[in-house]
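Take these sequences, add in the hints, and give me the full structure.
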Amino acid sequence: MNENRVAMIREKLTTTFAPTELDIEDDSAKHAGHAGARSGGGHFNVRIVSAEFSGKSLVERHRMVYAAMGDAMQSDIHALSIQAKSPDEA
Amino acid sequence: MDVMDRIKDAVESNAVVIFMKGTPQMPQCGFSSRASQALSACGEEFAYVNVLADPEVFQNLPRYANWPTFPQVYINGELVGGCDITLEMFQKGELQKLVKDAVAKSGAKAS
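Going down the list, the protein sequences come from chains A and B.
With the numbering used here applied, the first sequence covers 1 to 90.
With the numbering used here applied, the second sequence covers 1001 to 1111.
Possibly wrong hints are sitting among the right ones.
Claimed, not checked - With a straight-line Cα cutoff of 27 Å, these simulated DSSO-like cross-link-like pairs (lysine-lysine) come out: (1) Lys56/A - Lys1008/B; (2) Lys30/A - Lys56/A; (3) Lys1092/B - Lys1105/B; (4) Lys1105/B - Lys85/A; (5) Lys30/A - Lys1097/B; (6) Lys85/A - Lys30/A; (7) Lys56/A - Lys12/A; (8) Lys56/A - Lys1097/B; (9) Lys1008/B - Lys1100/B; (10) Lys85/A - Lys12/A; (11) Lys1092/B - Lys56/A; (12) Lys85/A - Lys1097/B; (13) Lys1105/B - Lys1008/B; (14) Lys1008/B - Lys1097/B; (15) Lys85/A - Lys56/A.
Unchecked claim - A few chain A positions that, by computed beta-carbon distances, are all more than 12 Å from chain B: (16) Thr16; (17) Phe17; (18) Asp23; (19) Asp26; (20) Gly55.
Said to hold, decoys possible - A few chain A residues facing chain B, derived, Cβ under 8 Å: (21) Ala18; (22) Leu22; (23) Val59; (24) His62; (25) Arg63; (26) Met64; (27) Tyr66; (28) Ser81; (29) Ile82.
Derived from the structure by calculation, the hints contain no laboratory data.
Glycine included, every Cβ here is placed at the ideal spot set by N, Cα and C.
Written as C-alpha cells, this is what we have:
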C-alpha cells in the first residue's frame, strides 16, 4: 500500500515543482503502532530541490508542499517530513 | 468562546506556544516530542496546548494556519513551523534567539 503512496507523492511533487532532485523515503514501519499512526496514514520523508522554492521562507515552502499533496494529507499521509531547497542551497 | 477565538487567544497571549500531541512531559508523538524538546532547550518558559485533549482545536487548528499537521509552534503570534522547521532553526541557533527575544518582549510589555 505504501509503495503506491510513494508513487502518488512522487507524481504530485513532480507535476507541481519540476524538481531537480527528489527523494522520498517511506518511514511508516518505524512508527507502526504508535498513537498517531492508528488512522492508517503513512510517515514519509521528502527531500526536494526545485527552483520554485527560491526566495520563499521555510513556512511558505512547507505550505506549498502540503498544498501539492491536497486531500492526501487528510487520509494517506499522517506525517510528512520535508526538506525543501532551492537549487543554489542544495 | 468560539474555537477559532480560543486558538487566536492561545497564539496571541503567549510569547511562545506549541500545539502538540500530548504534553512536553508526556508527548504522544515523536514529532511533538522533538519539537517540544527543542523549545525546552531554548531555556525559556513556553505554553503548550495538548490537541489530543481538545478535539475542537485538533479539528480546527489546521485551517487556522493553513497548516495540516501537528505540532505547530507559534512565536510572537506567528507560525514558525512544524517539527522540521523548528529543529532546523534550533540547529542553526535561530530558534534560541527568536524565543529569547519573544519572551523578553512579552516580559517588557507586562511590566
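Taking each numbered hint in turn, which are not upheld by the structure, reported in ascending numerical order?
2, 4, 5, 21, 22, 26
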